[in-house]
Amino acid sequence: MTAPAHTPVQAKSITATDLDLYYGSFLAVKGVNITIEPNKVTALIGSSGCGKSTFLRSLNRMHELVPGAYADGEVLLDDVDIYAADADPVQVRRQIGMVFQAPNPFPTMSIYDNVAAGLKLNSRKIKKSDLDAIVERALRGANLWDEVKDRLGKPGMGLSGGQQQRLCIARATAVEPDVLLMDEPASALDPISTLAIEDLITELKKEYTIVIVTHNMQQASRASDNTAFFNIEGTGKPGRLVEVDTTEKIFSNPTHKETEDYVSGRFG
Amino acid sequence: MSSTNVDDLQSVVRGGPARGGAGDRVFRGLATGAGVVILATLAGVALFLIVRAWPAITASAEDLPGGENLLAYIWPLTFGTIIAATIAIVIAVPLSVAVALFISHIAPRRIAQPMSYLIDLLAAIPSVIYGLWGIAVLGPASVGLLRWLEDNLGWLPFFEGPASATGRTMLVVAAVLAVMILPIITAVTRSVFEQTPRRLQEGALALGATRWEMIRLTVLPFGKSAIISASMLGLGRALGETMAVAIVLSVSGAITFDLIGSGNPSTIAANIALDFPESSGLAVNALIASGLVLFAVTLVVNMAARTVINRQMRI
Ligand SMILES: Nc1ncnc2c1ncn2[C@@H]1O[C@H](COP(=O)(O)OP(=O)(O)OP(=O)(O)O)[C@@H](O)[C@H]1O
Ligand SMILES: [Mg+2]
Chain P
1 MTAPAHTPVQ AKSITATDLD LYYGSFLAVK GVNITIEPNK VTALIGSSGC GKSTFLRSLN
61 RMHELVPGAY ADGEVLLDDV DIYAADADPV QVRRQIGMVF QAPNPFPTMS IYDNVAAGLK
121 LNSRKIKKSD LDAIVERALR GANLWDEVKD RLGKPGMGLS GGQQQRLCIA RATAVEPDVL
181 LMDEPASALD PISTLAIEDL ITELKKEYTI VIVTHNMQQA SRASDNTAFF NIEGTGKPGR
241 LVEVDTTEKI FSNPTHKETE DYVSGRFG
Chain G
1 MSSTNVDDLQ SVVRGGPARG GAGDRVFRGL ATGAGVVILA TLAGVALFLI VRAWPAITAS
61 AEDLPGGENL LAYIWPLTFG TIIAATIAIV IAVPLSVAVA LFISHIAPRR IAQPMSYLID
121 LLAAIPSVIY GLWGIAVLGP ASVGLLRWLE DNLGWLPFFE GPASATGRTM LVVAAVLAVM
181 ILPIITAVTR SVFEQTPRRL QEGALALGAT RWEMIRLTVL PFGKSAIISA SMLGLGRALG
241 ETMAVAIVLS VSGAITFDLI GSGNPSTIAA NIALDFPESS GLAVNALIAS GLVLFAVTLV
301 VNMAARTVIN RQMRI
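Top to bottom, those sequences are chains P and G. Going by the UniProt record's numbering, the letters in the first sequence line up with residues 1 to 268, in that order. Going by the UniProt record's numbering, the letters in the second sequence line up with residues 1 to 315, in that order.
Just chain G, with the same shape it has in the complex (with noise of 0.2 Å):
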């Protein structure tokens, strides 16, 4: 008897048939579905990556563009995408928080409001409008401190110089990419700080900490996952950014650490929406080629960065 009636319980708080109905059938049907079809299609960009790849991993060296081994062709790239995401990460994620704090606990609701909605806006910025301003504004505002930088921090391999003369450098795509990730990176860690728990605030203010050590205590441990996991986000982002560094980075091809000068290595993404048009034959393949290791790079981000959270989860 008591069985049945929690069983109608069950049925009315579902709102359907206990078990087995109609709708939960086609629900349970379509999340299944949706799960297969995203797996099935992460499966399948893996294997067209790698089967076109293929003939440009078995050719010989002087059939490959610039007759050199893939590893050479494909090295430089590696590295110019990984720098340059890498320079956007660190001047995006304390920007980012730092903002993200002001709006949720430093600025008064009236301009905390008006500054996250335009925050939000520059992430609908399209990549390309980005491109422009950096080749045309940023790039040449930033000349002179790039020679200051060269001049006073020329000790640096990063700062070696001798500094572009038209801005067009890694460390101008890197701010470039900084301010294309900042809004995704404000947005999350934002929405978490917001959920910091109302007691635990307290409690730091009530032993006599200021509002930037209560933030310390409270709000930025609360926030340490959220902070990882956006920075990852940002990270897949700057690291398949492809029309602003293809517009204002000046390419040489060179691997180098010097952020400031005009010989570059061009990155991955950017690399192939220049050559694609023009290649053919094992060209072709030798760029689907460094797809598949930035497609490689991007999968093993996106693990790394969960396997840190979940570890922070589980203290």
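With the rest of the complex left out, here is chain P (with noise of 0.2 Å):
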């Protein structure tokens, strides 16, 4: 069984125009113009409560699940509108997959078929010998391959955290989405589990637009190309994004002063 090997590919770009999202009648997030470059890293900084998650996940149409919840605005992914009134929800998520804060492998599936699940739906029929290729592709991807090849057919509830997170990493790729969106995704793991993410993330722009949601500064400035910082004046009132630059010029030589102020540790 071989896997075929990683090449760089061509991943999509995601561009937000005067983007809007609700709650209800409450507005969380305001006015967002962002450019996210396609095979980068975009760090999503912020305090608590800022909007990050909802931005994020108003980037594959998972915003729209919570009910009451809205965006207004345009969101395109290369040049296609994901909010025109004919895109199909489930067909924007199948090209921008997401990984979730807390590792959720699906509990009654084989490490194999949690690899595997996203691959079976839309009653797309493949043959096992492809199948069995891809699964190891993508374990392969999420660096997880050498540690789960003996026990495909366990309980992918019997791993570890950090190698159930890397498990849904490779479940959301065997998908071979464009884009993959992380809210926090190393926030419930050990240092050593952390720093496997954050090279895995390197590893992944190669083929991957990739957004993430960090609270961690170091990992910001470690693992990303570009950040975004977004902030709220105070509580009810709407998040906005201050600014998005690289990683570098928003840790050393930011535009704004809130920028400044946060990066440093210095806000309120």
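Some hints could be false.
Derived lysine-lysine pairs resembling DSBU-like cross-links, with alpha carbons at most 30 Å apart [said to hold, decoys possible]: (1) P:K249 to P:K120; (2) P:K249 to P:K205; (3) P:K128 to G:K224; (4) P:K237 to P:K205; (5) P:K249 to P:K12; (6) P:K249 to P:K206; (7) P:K127 to G:K224; (8) P:K120 to G:K224; (9) P:K128 to P:K149; (10) P:K125 to P:K206; (11) P:K30 to P:K205; (12) P:K125 to G:K224; (13) P:K206 to P:K127; (14) P:K149 to G:K224; (15) P:K154 to G:K224; (16) P:K12 to P:K120; (17) P:K120 to P:K149; (18) P:K206 to P:K237.
Calculated from the model, a selection of chain G residues having no Cβ within reach of chain P, i.e. all distances over 12 Å [said to hold, decoys possible]: (19) L30; (20) L49; (21) I50; (22) A98; (23) P114; (24) L121; (25) W133; (26) G208; (27) T242; (28) G281.
Take a look, some chain P residues computed to stay more than 12 Å from chain G by CB distance [to be verified]: (29) S48; (30) N60; (31) T246; (32) E248.
It is worth saying that the hints were derived from the structure and are not from the lab. Heads up, the beta-carbon is just placed ideally off N, CA and C, and yes, glycines get one too.
Combine the two chains into a complex, taking the hints into account.
Dropping the structure here:
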């Protein structure tokens, strides 16, 4: 069984224009304009409650799953509006995958079936041998293959937290999306597993556009190319994007004073 | 020093002095007592059934009603009971699970709420009413369908016919039973479906699953043991249901898989209800013996359900 080697793939960009995000009548995030570059890691930083998760979830139409929640504005994947009237959220999520804060493998499924879960959706028929190859490739891509290759049939829940998170990354990449969204993917993990995930992210940008929410400044500076800083004036006010630039610039010489205060640890 | 502090803390948490407080003792006594009473009742019922069935078990064939041996008397009833309950489960489980999923995951809240109230109301209807509905409405209404089944699926032993002209058949009884057990199965499975962790459902949707695929990937596996235990609850109820069967079913005592004819085996419960008032002597003992069989079948069903559920849990 041989898996195809990793070759750099042209991923897609995301462009949000005047994006407002609501929970019912509550405006949670206001007026975001941002271009997320392809094959780059973009980190979203900002204090708690400023709308990072809300914005991230709007990028693959997960936001609207909360009853009453909706988005107003435009989000382009390359040049296709994912909020167009004829856009199918299921197809959008197929192209823009997501990894969550806490690992969430399907508890009744084996490691293999977890990775293959997305591939069996939408009544796609895949030959067993192809499926094997894709599963192996995804697990190798998630730096998990060597640890699990002898127990692919065992439950995914039997893995450690860090392994489970890499399993979820493999599950998300197995369907070959263009973009991977990650909401604090390492916040529930120990430092070693965290570093493993960061290395993996650097590796994955060869094939994917990556957006990652993090509260960890070192993580943002280590793992990302660009950084977007979100802030909020006060409770009840909407969050907004203050600035987005190269990570280097944001951490050394940001344009806005509030960004500098935040990255240097002086906020409030 | 520190250990007394811990004790103090526990006593505060438990709302009384640590270990052996009066309230604690009373509560433990009540809980244990309730458990013992339940076990004693169960044992008492079993004992009563065995003691009163004994004369029929030991009697010779010619002394029993119908002049046959006890097994020949009870077996058709057991057969009828199991057939009626099984068909009812086959109809009710998919329907209940579908309704439960509709309420928990598909219908907008505005429709889901009233719908679940309505389903709960079904459980409040007395079984006599179900029986009357079965014989007066569902039976006559089903005659056309029964004929169609005979004409088109007559090669199956279930629909061999000849189709009943009144609709008082096993299939209609099973349908009535299915409606009767639908509320309990729906209520149990719905409440578990609703508890499916959100992070699992979102995980499936983020992979590009449609709503139905998300349900298949997360909700159904999560609710699997609930579906099994709810089905067993429903089965238990269908096995013991008396009035509806007694009213609707037209009985000949034949052992047949034909579900649409007018010659059907009765069920244990319905037979007891119909025959008990006119029975005396050994006939009463024979009825009680059939009750003992029903008791055993119900017990076995429940134990099987437990085993299945425990095995599910361990995975
Ligand atoms: N399901 C929801 N329903 C209603 N309001 C919500 C919901 N989720 C988030 N919010 C509100 O939206 C705002 C932004 O929340 P969000 O979770 O996006 O912040 P965040 O930047 O991700 O915070 P954290 O860093 O703590 O994860 C907050 O005011 C929050 O209370
Ligand atoms: Mg968040």
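Query raised in the report: Okay, which hints does this one fail, numbers in order?
Result: Of the numbered hints given earlier, those the structure breaks are 1, 4, 18, 26, 30, listed in rising order.
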